[in-house]
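Protein chains in written order, with the working numbering: chain A, 44 to 338; chain B, 2 to 284; chain C, 98 to 391.
None of these hints come from the bench; they were simulated from the model.
Glycine residues also receive a C-beta, built at the ideal position from the N, C-alpha and C atoms.
Some hints could be false.
[Said to hold, decoys possible] Chain B stretches covered by chain A per the calculated footprint, using a threshold of three residues with CB under 8 angstroms from any CB of chain A:
id	stretch
1	68-80
2	147-157
3	163-169
4	173-181
5	228-240
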Amino acid sequence: MYLRSPARASTVLSPMLIGAGALALLASALIAFIFFVVLGEAMAALGEIGLWRFLTDASWHPSSGEFNLLPMVAGTGLVAAGAMVLAMPLGLIAAVFVTFYAPSPVATAYLRLIELFAGIPSVLYGLWGLVVLVPIIADLAAPGSSLLAASLVLALMVLPTIALIATMSVRSVPLERIQAARALGFTKASTMVKIVIPSARKGLAVAAILGAGRAVGETMAVMMVAGNIVQVPESIFEPVRTLSANIALEIAYAMDVHRSALFVSALVMIAFVVLATALLEFVTNKQAMPDVHPD
Amino acid sequence: MRRERRSFLLLAGGFAVSMGVAWPASAGERLVITGSSTIAPLVTEMAKRYEKIHPGVRIDVQTGGSHRGLNDARRGLAEIGMVSRALKEDEHDVTSFVLAYDGVTMIVHQDSQIEELTKEQIVGIYTGRIQNWSQVGGPDKDIVVINKAEGRSTLESFVEYFGIKTKDIKADVVVGDNEQGIKAIAGSPYSIGYVSIGNGEYDVGKGVPIKLLPLEGIPANRQTVAAQQFPIVRPLNLVVANNKEPSARVADFIAFATSDDVRDIVESFYYVSPQPGQSEHGS
Amino acid sequence: MSTLTSAANPSRGLRWDAWAIVLWIGAGLIMAAFLWVLLDLLGRGLGQISWSFITEAPENAGRAGGIGPILVSTLLILMVCLAIAVPLAVGVAVFLSELLPHRSRLRRIVQISLDALAAVPSVVFGLFGNAFFCIQLGLGFSILSGGLTLACMVLPLLIRTTESSIRAVPQRYRLAATALGMTRSRVILRLVVPLAVPGIVVGTLLALGRAMAETVALVFTSGYVDRMPGSLLDSGRSLSIHVFDLAMNVPGGDANAYGAGVVLIFALLVINGAVLCLAKTWKARSGMAITAAT
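All chains, please: the whole structure from these sequences, using the hints.
Structure below.
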């Protein structure tokens with residue numbers, strides 16, 4: 044857009060262009076490289092066990108030669124879904140609160156605190172879950188380490204991210220649209236529901252995708268509170284094991300095919316990431332996200 | 002702007018200096034020891050003492066389970082492996098050296114009313130036939146069954162003695178290392194698990210609220226392990242691969258680690274030293 | 098933002114409809130939950146903090162003693178990470194924002210692949226780092242492996258913040274410099290990048306926060322050894338791994354887990370504060386805002 048100038052032609056093949064271009068290629072090839080390294084490690088299991096058995100074996104017992112990943116895929120999905128069901132409405136509430144209801148100093152302080160909580164390491168949320176939350180749930184229904192505990196801890200962890208992105212998109216709803224609605228006699232509440240939230244829906248979708256991505260990938264905090272039993276839970280009080288917790292729990296002890304099988308579960312996670320990124324591209328492409336940078 | 006630029010340069014310079022400081026020290030002799038998480042803390046202490054006697058030698062101890070210790074030693078990824086079980090008959094490509102003996106027993110929370118369980122009861126609990134403490138003489142509470150993750154040799158010792166299959170175990174919580182299992186039981190009054198007797202006694206000594214259960218009427222402690230009376234006793238081994246001659250340093254460390262010089266370390270971990278001679282001083 | 102808030106909120110203080118009550122309560126509950134976590138950590142951990150806790154080596158599996166060697170390992174890991182990632186990120190950002198046409202297809206491809214990289218879960222970075230740096234490159238469990246793995250992880254974040262700060266450099270500066278006869282590479286090296294330094298520093302701090310919070314990617318790469326590292330090829334335990342290990346694996350380790358947790362929070366507070374200050378001064382100068390939310 045700028046410097047589409049005579050200077051351009053003379054510098055097309057400058058060392059700087061070549062150097063920086065090489066770096067850019069390197070950086071963008073990194074994702075592919077990671078994929079191929081993981082694939083390379085997974086090949087042994089894919090060859091020996093075959094893709095099909097990862098879906099059809101009785102369960103996950105690598106030492107007995109059983110490699111079904113589905114219970115853990117289900118565990119991952121349920122934990123993440125539970126977290127999103129809690130975190131999305133709360134994130135939206137926080138966004139609408141700071142944008143339209145809180146007095147300005149309160150809103151600023153609120154956002155600063157949320158930013159702080161976004162930075163707190165997941166292991167500390169896990170520590171809180173392990174020491175405070177799990178015993179409380181254990182009083183309701185043993186063993187306490189459960190789908191519910193994992194979802195609650197994850198919800199807290201992704202809430203700051205969701206709240207901050209939601210705030211950005213709610214704030215970017217054109218003021219005229221809101222004023223017009225108010226002038227037309229919409230109440231504040233129906234302005235919110237009928238104008239603001241629909242206008243911000245792309246940004247909210249981005250918040251949801253990023254939040255879900257984080258929830259699916261989170262390892263340590265989940266491993267600390269989920270109980271780590273390989274099963275499809277029948278209630279929210281039952282323990283589950285997620286794909287990422289499975290890797291963290293077993294990789295140090297896994298050899299040969301078992302180790303390779305864990306890389307297969309990493310491939311599953313990469314596949315999910317590619318899907319989520321494609322979805323994100325689809326959402327943001329249709330209507331650009333509120334861009335903080337000038338063009 | 003200039004100030005910011007200077008602080009940036011300062012930051013970059015700081016990196017360069019600290020990396021320069023950190024680099025050259027990588028010389029010196031290094032031993033890598035990997036394997037059983039039961040043995041790792043013990044060997045770590047031995048290694049600290051050895052490093053004091055032999056400055057310039059650095060011994061890195063990494064946990065990863067007995068299986069990994071064995072494989073790393075075979076492949077040369079580690080000079081020495083740690084294996085917390087007896088070698089199997091087909092494992093004659095490695096040589097083992099016994100550091101200590103240890104047992105495996107059941108543990109419950111300190112406040113549990115249970116004082117002993119029979120073999121059948123334990124099998125019942127771990128296979129899901131018995132789900133409530135009242136079925137074995139306890140309160141009307143669900144049993145929280147704690148199991149170890151695959152690949153741990155404590156799990157292998159456990160299933161071998163009780164004759165159950167790993168995949169038949171119906172657990173409520175799966176833990177990794179011994180200490181994690183102990184922690185889980187200390188934090189959950191109606192749970193049951195199994196653990197290295199050494200680790201268990203060590204933590205009871207530290208005031209951790211757990212209770213070691215006897216097995217077949219034999220109390221779980223160092224004395225019964227030393228006398229080889231306890232039903233589940235296993236050696237804690239260092240292993241080296243046979244396919245290449247171990248270096249002088251490796252041989253020296255193994256000689257040190259199996260000598261009387263480290264008896265006090267072995268005993269401080271509540272394991273039983275293989276060295277005969279001095280009498281057991283029970284505490 | 099304050100103008101938007103008040104303008105969009107003309108009836109503030111006049112009407113307390115049901116929604117207002119719901120939102121105040123909801124927002125209050127969210128904050129209460131976070132403060133519960135934070136105050137719980139501070140309440141249990143502050144008592145552990147002392148000079149000897151910061152400087153001494155852990156003893157008895159971390160139940161006693163301090164976190165001295167762990168702080169050193171953490172710092173070394175972070176330095177390796179930034180020493181690799183920052184120059185790389187600046188190079189890529191210069192390419193994306195200064196040398197490529199804004200709407201080029203290549204630029205789009207690079208950005209999409211960086212977005213995908215940013216979304217890869219840290220456990221996958223851990224596996225990758227373990228397989229590639231530790232085993233294939235033979236670096237073993239080491240501070241170097243851990244730092245390199247983290248560098249891959251924070252790269253997209255760094256590129257993004259650097260790129261946006263380079264793009265925020267006003268166009269008229271470039272035009273003026275070009276008019277004065279400076280070559281393009283001189284414009285970039287002498288003008289654009291130096292002007293973008295505050296933004297790069299902010300991005301670096303954000304990456305630092307992210308790297309410091311990381312646990313799982315380091316468990317597989319820098320390892321568990323809690324001794325004072327002697328070189329970058331030694332295994333070193335990071336602060337967050339220490340918290341995890343004490344909390345999960347060591348009976349009676351909770352007190353020191355909280356102590357180490359408070360140190361971690363304090364370090365993040367310092368980083369957050371620095372980000373806020375720098376972003377503010379930068380915003381005041383160039384009229385640009387960058388968000389700390391990533």
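Original post:
Which hint numbers doesn't this structure obey?
Top reply: 5
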